[in-house]
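Peer 1: The lines below spell out each chain.
There are 2 protein chains.
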Amino acid sequence: MNTLAEENYLKSIYHLSVNDGNASTNQIASSLNTKASSVTDMLKKLAEKALINYTPYQGVSLTPSGEKIAISIIRKHRLWEYFLVEKLNFKWDQVHDLAEEMEHISSEELIDRLDKFMGYPKHDPHGDPIPDCNGRFNTHELKPVSAVTVNQSGIISGVRDHSSSFLQYLDKKQLTIGCKIMITDIIEYDHSVVVQTGNKEVHISREVANNLLIAL
Amino acid sequence: MNTLAEENYLKSIYHLSVNDGNASTNQIASSLNTKASSVTDMLKKLAEKALINYTPYQGVSLTPSGEKIAISIIRKHRLWEYFLVEKLNFKWDQVHDLAEEMEHISSEELIDRLDKFMGYPKHDPHGDPIPDCNGRFNTHELKPVSAVTVNQSGIISGVRDHSSSFLQYLDKKQLTIGCKIMITDIIEYDHSVVVQTGNKEVHISREVANNLLIAL
DNA sequence: TTATTTTTTTAGATTAGTCTAAATTTTTTA
DNA sequence: TAAAAAATTTAGACTAATCTAAAAAAATAA
Ligand SMILES: [Mn+2]
Ligand SMILES: [Mn+2]
Ligand SMILES: [Mn+2]
Ligand SMILES: [Mn+2]
Numbered sequence: 098m099n100t101l102a103e104e105n106y107l108k109s110i111y112h113l114s115v116n117d118g119n120a121s122t123n124q125i126a127s128s129l130n131t132k133a134s135s136v137t138d139m140l141k142k143l144a145e146k147a148l149i150n151y152t153p154y155q156g157v158s159l160t161p162s163g164e165k166i167a168i169s170i171i172r173k174h175r176l177w178e179y180f181l182v183e184k185l186n187f188k189w190d191q192v193h194d195l196a197e198e199m200e201h202i203s204s205e206e207l208i209d210r211l212d213k214f215m216g217y218p219k220h221d222p223h224g225d226p227i228p229d230c231n232g233r234f235n236t237h238e239l240k241p242v243s244a245v246t247v248n249q250s251g252i253i254s255g256v257r258d259h260s261s262s263f264l265q266y267l268d269k270k271q272l273t274i275g276c277k278i279m280i281t282d283i284i285e286y287d288h289s290v291v292v293q294t295g296n297k298e299v300h301i302s303r304e305v306a307n308n309l310l311i312a313l
Numbered sequence: 098m099n100t101l102a103e104e105n106y107l108k109s110i111y112h113l114s115v116n117d118g119n120a121s122t123n124q125i126a127s128s129l130n131t132k133a134s135s136v137t138d139m140l141k142k143l144a145e146k147a148l149i150n151y152t153p154y155q156g157v158s159l160t161p162s163g164e165k166i167a168i169s170i171i172r173k174h175r176l177w178e179y180f181l182v183e184k185l186n187f188k189w190d191q192v193h194d195l196a197e198e199m200e201h202i203s204s205e206e207l208i209d210r211l212d213k214f215m216g217y218p219k220h221d222p223h224g225d226p227i228p229d230c231n232g233r234f235n236t237h238e239l240k241p242v243s244a245v246t247v248n249q250s251g252i253i254s255g256v257r258d259h260s261s262s263f264l265q266y267l268d269k270k271q272l273t274i275g276c277k278i279m280i281t282d283i284i285e286y287d288h289s290v291v292v293q294t295g296n297k298e299v300h301i302s303r304e305v306a307n308n309l310l311i312a313l
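Chains Z and F are the protein sequences, given in the same order.
Heads up, the first sequence is in the working numbering, so the first residue is 98 and it goes up one at a time.
Heads up, the second sequence is in the working numbering, so the first residue is 98 and it goes up one at a time.
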């Protein structure tokens with residue numbers, strides 16, 4: 098089995114390399130709040146275990162077995178988040194740090210039974226897809242509100258920023274997962290966006306629009 | 098906060114000193130599958146943190162703050178065991194090792210919500226009492242079947258041996274928590290015991306009778 | 001009560017994961 | 001393309017937790 102630190106590195110590398118297939122030492126260090134030199138040490142260990150492809154100075158990518166482990170950690174993280182919100186009535190802005198700890202509970206059987214207990218949910222409280230027990234999940238096509246044109250409408254389906262301050266702000270504006278919204282205006286001066294949600298109009302900054310994802 | 102190793106030491110010291118109020122270095126080492134020299138090192142650290150009373154060569158006892166932590170770990174352990182059996186349909190012989198890992202999830206709020214979610218259970222799947230959120234629990238008076246006289250009856254309410262082989266054996270004999278049994282005979286030769294359970298008579302060894310606890 | 005055995009502690013290493021500071025390699029800029 | 005800047009790795013050190021082997025203390029037995 099792998100240590101907690103190894104699991105966190107694999108997960109970080111997975112998230113960082115989703116786009117360009119590669120993660121740099123400094124990116125990993127900043128995502129794990131550690132130093133580049135510590136990262137280099139760990140990269141050597143993970144490469145030794147054949148969980149990553151590592152050429153010094155060139156960044157890293159996950160091997161198939163490294164990716165399998167990363168996805169299993171992400172599955173656990175998202176299922177525990179779902180459990181905390183749906184069964185224990187936590188708010189969506191309270192569960193991330195708890196899940197960071199729970200994702201390292203090692204038993205696969207436990208997580209598969211938890212999945213069944215909750216009815217095989219497809220998305221976590223933040224709209225992120227939950228991998229099934231074989232590691233498969235469909236990454237639906239979401240657009241940031243900032244990339245949508247006036248008069249288009251869609252369903253709020255995800256967030257890019259998972260910080261509690263952002264999630265609490267969305268709660269206050271009643272912009273939560275599942276809400277139907279319509280973009281009614283885009284202010285040219287600062288790229289802020291006016292959206293219609295239910296009966297209200299809400300005015301959000303460009304930054305917020307950038308971090309709020311909708312399905313059209 | 099305390100490390101995983103520290104928590105395990107405190108829990109071990111708690112269990113070992115329940116009876117005589119004191120735990121020896123060797124007892125702790127054997128209960129944690131570690132060496133006496135490692136234990137000595139840790140005892141110094143725990144004493145430094147004022148979690149135990151330690152005089153070299155004299156064994157240790159928990160201070161009030163050490164005991165508080167130990168009981169909180171035990172509460173978590175037993176609540177997670179209850180969750181695994183009642184919600185995820187694990188068998189009572191499958192949950193101990195999983196709970197050993199889960200008991201270190203640090204959030205108190207999480208465990209209090211879990212407690213509420215399950216309806217504040219009073220006993221874990223092995224009959225052990227679950228401390229409430231203030232660390233209080235009544236340690237019920239149970240007797241081993243080996244200490245009961247012929248014709249007395251009672252309810253199976255606990256086990257002294259938590260190993261899966263013992264628990265599976267009890268399952269096979271249908272001697273599980275909550276069953277009403279009556280002691281019908283005690284064989285003088287080997288101190289084995291004949292018990293009536295429901296419609297059947299079951300013959301158990303002295304060792305089994307010693308590890309099976311009933312409420313009269 | 002002295003000698004033997006058992007228990008416990010100390011001494012000295014080891015491993016995982018981290019750090020700072022220095023050296024090296026790569027990338028960018030001029 | 002040479003100098004400067006940025007990124008990365010190496011060197012050396014530290015902490016937590018563990019180990020083996022040796023020393024010391026306590027308990028037991030003769
Ligand atoms: Mn999360
Ligand atoms: Mn999430
Ligand atoms: Mn247990
Ligand atoms: Mn139990």
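Take the hints with a grain of salt, since some may be wrong.
Remember, identical chains collapse to one label, so a pair may be satisfied in a single copy or spanning two.
Derived DSS-like pairs (lysine-lysine); straight-line CA-CA distance at most 27 Å [claimed, not checked]:
#	residue 1	residue 2
1	LYS297	LYS240
2	LYS142	LYS269
3	LYS213	LYS184
4	LYS240	LYS142
5	LYS297	LYS132
6	LYS146	LYS269
7	LYS142	LYS297
8	LYS213	LYS188
9	LYS188	LYS142
10	LYS165	LYS213
11	LYS219	LYS184
Since the hints were derived computationally from the structure, they do not count as laboratory data.
Peer 1: Now look at each hint and say whether the structure bears it out.
Peer 2: We went through each hint and held it up to the structure:
{"no.": "1", "hint": "LYS297 <-> LYS240", "verdict": "within (22 Å within a copy, 67 Å between copies)"}
{"no.": "2", "hint": "LYS142 <-> LYS269", "verdict": "neither (45 Å within a copy, 47 Å between copies)"}
{"no.": "3", "hint": "LYS213 <-> LYS184", "verdict": "both (13 Å within a copy, 10 Å between copies)"}
{"no.": "4", "hint": "LYS240 <-> LYS142", "verdict": "neither (37 Å within a copy, 53 Å between copies)"}
{"no.": "5", "hint": "LYS297 <-> LYS132", "verdict": "neither (46 Å within a copy, 67 Å between copies)"}
{"no.": "6", "hint": "LYS146 <-> LYS269", "verdict": "neither (46 Å within a copy, 43 Å between copies)"}
{"no.": "7", "hint": "LYS142 <-> LYS297", "verdict": "neither (54 Å within a copy, 59 Å between copies)"}
{"no.": "8", "hint": "LYS213 <-> LYS188", "verdict": "both (22 Å within a copy, 16 Å between copies)"}
{"no.": "9", "hint": "LYS188 <-> LYS142", "verdict": "neither (38 Å within a copy, 38 Å between copies)"}
{"no.": "10", "hint": "LYS165 <-> LYS213", "verdict": "within (21 Å within a copy, 35 Å between copies)"}
{"no.": "11", "hint": "LYS219 <-> LYS184", "verdict": "both (16 Å within a copy, 20 Å between copies)"}
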